[in-house]
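Use the sequences and the hints to build the structure in full.
All letters in the sequence shown, in the order written, are residues 169 to 282 by this note's numbering.
Keep in mind that the hints were calculated from the coordinates and are not lab data. Please note: incorrect hints may appear among the correct ones.
[Stated by the list, open to error] Label-pair ranges, simulated between beta-carbon atoms:
1) 202 <-> 226: 16 to 22 Å
2) 251 <-> 180: 18 to 24 Å
3) 248 <-> 180: 32 to 38 Å
4) 236 <-> 261: 27 to 33 Å
5) 238 <-> 180: 29 to 35 Å
6) 172 <-> 259: 16 to 22 Å
7) 266 <-> 216: 32 to 38 Å
In this text, a Cβ means the ideal position worked out from N, Cα and C, and glycines have one as well.
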Amino acid sequence: MPDEAMEEASESGRLKLLAYGPEAGYSIFSTTDDRFIAHTGHPEYNATRLAEEAKRDHGNPEVPAPVNFDFNNPLNRWRSHRNIFFAQWVSYCYLKISTHDMAVGKNLIASNTA
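What follows is the structure in structure tokens.
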């Protein structure tokens, strides 16, 4: 999705833009209620999977070739970033859900004792 469309979606309150890079554009974004998050860089891929996908897409003019990637010796340099990203996201979701559940529980208890 072009940067302009992402920015328009953000300005209209449909998306939260969370990460931007000059080459990749907006690569991490979520819905405003945080129920869905997208990371377009496929951090879940290991090095071999990325090489297989790139070989599959080689020659497709709609798919840019990976940069800074050695197909003869693929290395996963993003593993630690991926692990931290997903760990923090799960923690955030857990805290948000459990805090919401506690607030709902308090409201239910208050309404039942009144």
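Now for the hints, and whether the structure bears them out:
1. For the pair residue 202 and residue 226, the supplied restraint of 16 to 22 Å is violated, since their beta-carbon distance comes to about 37 Å.
2. A C-beta distance of roughly 33 Å is found between residue 251 and residue 180, which places it outside the suggested range of 18 to 24 Å.
3. Distance hint for residue 248 and residue 180: a CB-CB separation of about 35 Å, consistent with the stated range 32 to 38 Å.
4. Distance hint check: the CB atoms of residue 236 and residue 261 are about 31 Å apart, consistent with the given range 27 to 33 Å.
5. Roughly 42 Å separates the CB atoms of residue 238 and residue 180, a value that falls outside the hinted 29 to 35 Å.
6. Between residue 172 and residue 259, the C-beta spacing of about 33 Å breaks the proposed range 16 to 22 Å.
7. Between residue 266 and residue 216 the C-beta distance comes to about 37 Å, which sits within the given range of 32 to 38 Å.
Hints 1, 2, 5 and 6 from the list above are not met by this structure, while the remaining hints are.
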